[in-house]
Amino acid sequence: MEGVTVTHFVVLSAILFSLGLFCVVTRRNALGILMGIELILNSANVNYVAFARYGQTGYDGQVFAIFVIMLAAAEAAIGLAIVLGIYQTFETIDVDATDRLRG
Amino acid sequence: MPITTVVFYLLATFTVVCALGVALSNNIMYSAFALMGTLLGVAGTFVVLGADFLGVVQLLVYVGGILVLTIFAVMLTHRIADVHVSNRAVARPLAVILVGGVFAWLVRAGTAASWVAKEATTPQPTTYGIGNAFLTDYVLPYEIASLVLLVALIGAVVVSRKEIGG
Chain A
1 MEGVTVTHFV
11 VLSAILFSLG
21 LFCVVTRRNA
31 LGILMGIELI
41 LNSANVNYVA
51 FARYGQTGYD
61 GQVFAIFVIM
71 LAAAEAAIGL
81 AIVLGIYQTF
91 ETIDVDATDR
101 LRG
Chain B
104 MPITTVVFYL
114 LATFTVVCAL
124 GVALSNNIMY
134 SAFALMGTLL
144 GVAGTFVVLG
154 ADFLGVVQLL
164 VYVGGILVLT
174 IFAVMLTHRI
184 ADVHVSNRAV
194 ARPLAVILVG
204 GVFAWLVRAG
214 TAASWVAKEA
224 TTPQPTTYGI
234 GNAFLTDYVL
244 PYEIASLVLL
254 VALIGAVVVS
264 RKEIGG
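For the record, the sequence lines run as chains A and B. Quick note: the first sequence uses the working numbering, first residue 1, plus one each step. Quick note: the second sequence uses the working numbering, first residue 104, plus one each step.
Because the hints were derived from the structure by calculation, they are not lab data. Be a bit skeptical, because a hint or two may be false.
[Claimed, not checked] Pairwise CB distance ranges, derived in the manner of DEER restraints:
id : chain 1 : residue 1 : chain 2 : residue 2 : range
1  : B       : Y231      : A       : G85       : 37 to 45 Å
2  : B       : A212      : A       : Q56       : 16 to 24 Å
3  : B       : D240      : A       : A97       : 46 to 54 Å
4  : A       : L71       : B       : R195      : 28 to 36 Å
5  : B       : P228      : A       : F90       : 46 to 54 Å
6  : B       : A212      : A       : R100      : 15 to 23 Å
7  : B       : L201      : A       : Q56       : 35 to 43 Å
8  : A       : E91       : B       : D240      : 34 to 42 Å
9  : B       : K265      : A       : R100      : 13 to 21 Å
10 : A       : A97       : B       : A212      : 31 to 39 Å
11 : B       : G234      : A       : G85       : 33 to 41 Å
[To be verified] In the DMTMM-like style, the derived pairs of lysine to aspartate or glutamate whose C-alpha atoms are separated by at most 25 Å in a straight line are:
id : chain 1 : residue 1 : chain 2 : residue 2
12 : B       : K221      : A       : D94
13 : B       : K221      : A       : E91
14 : B       : K265      : A       : D99
15 : B       : K221      : A       : D99
16 : B       : K265      : A       : D60
17 : B       : K221      : B       : D155
Virtual Cβ for every residue (Gly too), placed ideally from N, Cα, C.
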């Protein structure tokens, strides 16, 4: 795989991470924020797999990436359930409007 | 130019353009579909990196599971008839400065470091090795992961159900 080095993947991952961070910081829609978190988790996975490939550390990197995907699935299920709960209480999922802990 | 380089740049461009759509689109539905493009691009990147099993897992779990769940949540929390499904964003100039700084720092760190890069070998099928790793070195995290998933499943049902009479 000459031409493409590990740096290429690190930069790709940095771009994904930055866009995810931008999404989390600017969005006021709770679902938009969750999508930003998915972008950030994906950028971490790209790094894991790239270093596993180029460092030839066996399967450790890919196993970690699978754990990250598993935790992302759990996070999405819980996060979306909470968003639906917020919607039932506040009739909106704008995070600026959800300023009460007691429903 | 070798074929893997071309494929990498095509996939990277596709991924980044779709990620821009996720971050900048004014419609939450467009963001959700752009997220699908990003996830597909990352799955392709995994395949380029020789992680075939992980690419398929990415397709099944992310595109087939998490994304469908996200789109369901979008449709449940907005009136579908509402044409303008807003996706409000605030403080963009400030965020551009902050995120731009983080990005510049990350790229500088990533390009300045001298990574230990061994000669890339021909990719082998990874399923056998990952299965072995899960049932030997990683058997305890594997079992804990199944417990976490069970707890998350029950927790999601408990949180999102309607309280009867409550």
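Could you work out which of the previously given hints the structure breaks and list their numbers from low to high?
Structure breaks hints 6, 8, 12, 13, 15, 16.
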